[in-house]
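*Asks:* Turn these sequences into a full structure, and let the hints guide you.
All residue numbers for the sequence shown refer to this note's numbering, where the first residue is 36 and numbers rise by one.
What the hints contain is simulated information worked out from the structure, not anything from laboratory work. Using N, Cα and C, we set each Cβ at its ideal position, and we do this for glycine too. Please note that the accuracy of each hint is not assured.
Distance ranges between label pairs, derived from CB positions [claimed, not checked]:
{"#": "1", "residue 1": "Glu-167", "residue 2": "Glu-68", "range": "33 to 41 angstroms"}
{"#": "2", "residue 1": "Gly-131", "residue 2": "Arg-168", "range": "23 to 31 angstroms"}
{"#": "3", "residue 1": "Glu-48", "residue 2": "Glu-209", "range": "16 to 24 angstroms"}
{"#": "4", "residue 1": "Glu-48", "residue 2": "Cys-112", "range": "39 to 47 angstroms"}
{"#": "5", "residue 1": "Ala-53", "residue 2": "Gly-143", "range": "35 to 43 angstroms"}
{"#": "6", "residue 1": "Phe-166", "residue 2": "Arg-129", "range": "18 to 26 angstroms"}
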Amino acid sequence: MSTPSPSAAERIEQIDWAAWQPIDVATLLFVREGGRVLLIEKQRGLGQGLVNAPGGRVDPGETPAEAALREVWEELCVRPHEARWCGEHRFQFRDGYSMWVHVYQSAGAEGVATATPEAIPLWTDEDAIPFERMWADDAFWIPMLLRGERFSGHWIFDGKTMVDHALRVLQPGEPDGDVGVRRPGKSTPA
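*Replies:* See the structure below:
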């Protein structure tokens, strides 16, 4: 019996995750301050109309941490104090799209969160996160982030519907998932 292509998989174990290659590498960054977390209502792109953390694709030559900080600035006009790695997700969509997402958090940010064409800011109490307005996977791993647990998730989606998943807590001593990760870029002549 042959293994289905990742986009045809219905179960996590049907995908060879060691050989899996994402189409995009992306980020999410949760700014936390005073028992609240800064979320966004996405105005365009993947997940438009849903609530999520600010983030986006890693540009060529950029690390995921650099991208996370840049994306928060571009989407909300605030500068997080740091980008502390918390976890990672590998998303496979049934339409063939795939994405490796690095998740970060920051203890505060400089500036006032401001709406942009990409996002509307939503400061939310950590105990009142609107999971019903978010991607289905968020209810599984955001509580882990809020508890200070590091995590690694594998997810299969058909459109906005979660088909299957596997999620685990990373143990002390396991390396951060973005160590040494840099989005390849085109070399430019000197």
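*Asks:* Does the structure break any of the earlier hints, and which numbers would those be?
*Replies:* Checked against the structure, the only hint that fails is number 1, while the rest are satisfied.
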